[in-house]
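Enquirer: Residue-level listing of the chains:
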Amino acid sequence: MTNSNSAYSVKFEQTRKKFGSLVALDRLSLQIPRGSVYGFIGPNGAGKTTAMRILVGISKPTSGTIKVLDADDVKDVRHLIGYLPEEKGLYKRMRVIDYIVYFGRLNGMRKRDAIAKAKALLADFQLSTWEKEKCQALSKGMGQKVQLMATLIHDPILMVLDEPFSGLDPVNVEVVRSIILNKVKENATVILSTHIMEQAESLCDAVVLINKGQAVLEGPIEEIRKGDVVSVDHDGDVSVFDGLRGVVSVKQIGRAATLEVDPDCDLQTLLKAICERTKVTQFNANSASLHEIFIREVGGSGATPETATHA
Amino acid sequence: MLNRLYSVWLIAQRDWVEATSTKMFWLGALLMPVVTLILAIFAMFAVTVASTSVTVGSYYVIDRSEGIGLDIRNEILRTDLSTFVRAVSERKPNSDDEAILTEIHEATQTTAMPDLIESFLEFLEHPQPDLTIASRDTLAERFSIWWQNNKNTIIKLAPSVSFARYEEILTPNLSEQELISRLKAGKILGYFIIPEGFVNSNENAKFITETILKQDLANWYENFATRVIQNKKFAESNISRETALWLLQRASFQTSKAVEPARDSGTTTSSTSGDTEDATKEVTVWETVGEFAPAVYQYILWFLVFIGATILMTNTVEEKSTKLVEVLLSDLDSVQLMDGKLLGSALTLLTVVGLWIFLISLPILLGSKIVVAFFPQIGEFLQSGALSSIFNPLFVINFVIFFVLGFAFYGYSLSALGSVCSNIREAQMMATPINLVAIVPLILMVPIALDKTGTIPTIMSYIPPFTPFVMMNIVAEVAWINYLLILAWMTACTLGVRWLAKKIYTKGILLENKPAGIKGLVRLVGRAN
Chain Z
705 MTNSNSAYSV KFEQTRKKFG SLVALDRLSL QIPRGSVYGF IGPNGAGKTT
755 AMRILVGISK PTSGTIKVLD ADDVKDVRHL IGYLPEEKGL YKRMRVIDYI
805 VYFGRLNGMR KRDAIAKAKA LLADFQLSTW EKEKCQALSK GMGQKVQLMA
855 TLIHDPILMV LDEPFSGLDP VNVEVVRSII LNKVKENATV ILSTHIMEQA
905 ESLCDAVVLI NKGQAVLEGP IEEIRKGDVV SVDHDGDVSV FDGLRGVVSV
955 KQIGRAATLE VDPDCDLQTL LKAICERTKV TQFNANSASL HEIFIREVGG
1005 SGATPETATH A
Chain D
63 MLNRLYSVWL IAQRDWVEAT STKMFWLGAL LMPVVTLILA IFAMFAVTVA
113 STSVTVGSYY VIDRSEGIGL DIRNEILRTD LSTFVRAVSE RKPNSDDEAI
163 LTEIHEATQT TAMPDLIESF LEFLEHPQPD LTIASRDTLA ERFSIWWQNN
213 KNTIIKLAPS VSFARYEEIL TPNLSEQELI SRLKAGKILG YFIIPEGFVN
263 SNENAKFITE TILKQDLANW YENFATRVIQ NKKFAESNIS RETALWLLQR
313 ASFQTSKAVE PARDSGTTTS STSGDTEDAT KEVTVWETVG EFAPAVYQYI
363 LWFLVFIGAT ILMTNTVEEK STKLVEVLLS DLDSVQLMDG KLLGSALTLL
413 TVVGLWIFLI SLPILLGSKI VVAFFPQIGE FLQSGALSSI FNPLFVINFV
463 IFFVLGFAFY GYSLSALGSV CSNIREAQMM ATPINLVAIV PLILMVPIAL
513 DKTGTIPTIM SYIPPFTPFV MMNIVAEVAW INYLLILAWM TACTLGVRWL
563 AKKIYTKGIL LENKPAGIKG LVRLVGRAN
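Residue numbers (the numbering used here), protein chains in the order written: chain Z, 705 to 1015; chain D, 63 to 591.
So that you can see chain Z by itself, here it is in the shape it has in the complex:
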């Protein structure tokens, strides 16, 4: 266990990773609060998996530092971390329970304790009847649950989950969500990467948007989404918004206009100014969805996030 009770589970400081001439991670600096769900979002090849591999000690940074659970060397706290990689494989000829127990023992658990914990997890995941089956008999979703159990068996206080929802049906997505939230209730920190913005939005306390190895946006979800879009229903045409302070762009369809505004724009002053020019029937200050933010920030690179329907 760690000695310190620092507020942060993970601290990246100017962390850089190069593969030959390719910069996979470019001076990433961020702090991940203890007991939070933290999302790594970004397009494919952005550097999320590289950051996660560095975080769990599989890969070492080319420069910069990383502190995990207050340890300078991840190896010292490896037994406190649970890692679920993006591509999930199983030892096909191993029995389900043996597979879970094996990873428990690799993380220092005694065999008896590991068996007991594995059985409890199988019950939680409603897979008790599969306990003695070989892994090759499992469906993809079940296999993924077994992988997650192997990640959870030693009760890690930091969980690093690379695309934990990919390939899961909606029921199992909910199972995994509840597992994650329960771990957070136990003051564990969960770091996950996802392409599904709705998942990140509903689950994460904070996110970092990584693009081309750089953190382009980072912070609590509410901060990131804070109202920078205003919808206005009015009687006039689009010209009524001309020259208004704080308005960046306007789109109008019929009587409904969508205004992109500066984050510092005072909405009361804006409403007053519009009312002076036209009759306003409705005024809503919306938060932008994570999906919209993603498109806005990395749209130029041709990347698109997935929607929840893809899950």
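These are calculated hints, taken from the structure and not from any lab test.
We treat Cβ as the ideally placed atom computed from N, Cα and C, and that holds for glycine.
One should not assume that every hint holds.
Residues from chain D shown here face chain Z by an in silico Cβ test under 8 angstroms; the list is partial [to be verified]:
id : residue
1  : M63
2  : N65
3  : R76
4  : V389
For chain Z, the structure is supplied; the task is to place chain D on it using the hints.
Expert: Frame of chain Z, contents of chain D only:
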């Protein structure tokens, strides 16, 4: 430290359990000894069958000389007769024997063998087929009639007589055209042409056959022809047969083996000829087999190291492709993972070796008497002392040491190569140079066994990829100081390979594309983690 070792053990244990818990493993492991056993039984059976049922091949002799062909035929007859009479004299007569066999046996007890054979020859050289045994007075006469009518019995009693394999066609004046057509039809093995003046001219006789690779008939006939011509030349030079035989006698050396002299009460005795005999013993076939034990160890070592290292490489590629390795590496160091996998494979191989040793020991465990009853050769083998040569502690300990070092050397190398590949095919391509290098000691196994202290084995014993295999073959001939030096050098090289393999493995296992050849690997080693 203990935790690290425990993790290595867990990896090894899992791999061992997985490998040995399949039917295929046990089938594969049993296959080699079972196939060897089946081949051995088949060989014994084939030898027995071959000795009892040989297809007789015919030949013809065109004799243009002054009767040399007939002389050769008589010489063959003399030899066959001698073989047969000797066989009858050496066997115990039994109640089921024909009367003539008993008579011959009794005659051999009272008459000198050459005289008896000469008396038989007198009638056999001029056969009278229309007579019956009952009508004849002397044993020689009766025997000559029996000889002509009981070929199968003769072959049974003396399997090495010539007509068990070859039979001369005695039809006179067959034309070459006729003989060639018989040859083409496969009715005869070949025919001989003995030229005119064969004894004194330098002209070669001829042997005409369809199968030029089958020279045994020609060699056999040539031996008799040589003997006949020599006899004739000796006669012309007035040299008696006895003198001739004495002149032709070859020097002969009986190979013997030095044995540890018995030590009694510390007294020293002077050396006598008797002492020399005590200090040596005749070398048996099985002891000669025992001398090749190091080469057999070398072959088994090579086989195990390569099968194991290749399995290790395959597992690495598989775990990489299923991304399982990523989960493992979040719990362990790459070197722990490599060590564990190496140990697991080694345990699997040792299980195979254990099974083989068990199967080999099975005859002894079952009770050698029962086994020997069925396979007398096994009895001879067990009593020969070859077993102690094969299980010589020096070989066994050396085998274990160089199995560990050799397997680690090749196992780490192939694991590292496997780590940079995305599929088995790529891995096999990458491993080709290593496989080519490793096959060298296997090719040179026999030459090294025959000259263990030569320059080639000495140099090869210091080249790490060859060291384990060569050392297995030459260990008994290496001085202790050299042995220790080689051991230290091999250990250092193996640790070096482990370090290098770790560098490649750590980076290679996470690569999506394999690096291009040797250059790519060097870049990978040089690159930071």
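Enquirer: If a hint holds in the structure, say so; if it does not, say that too.
Expert: Comparing the hints with the structure gives:
Taking 8 angstroms as the C-beta contact cut-off toward chain Z, the hint placing M63 of chain D at the interface is violated, the least distance being around 13 angstroms. Because the beta carbon of N65 of chain D sits about 7 angstroms from the nearest beta carbon in chain Z, less than 8 angstroms, this interface hint is met. Here the hint on R76 of chain D is kept, as its CB sits about 6 angstroms from the closest CB of chain Z, short of 8 angstroms. This hint holds: V389 of chain D has a C-beta 6 angstroms from the nearest C-beta of chain Z, less than the 8 angstroms allowed.
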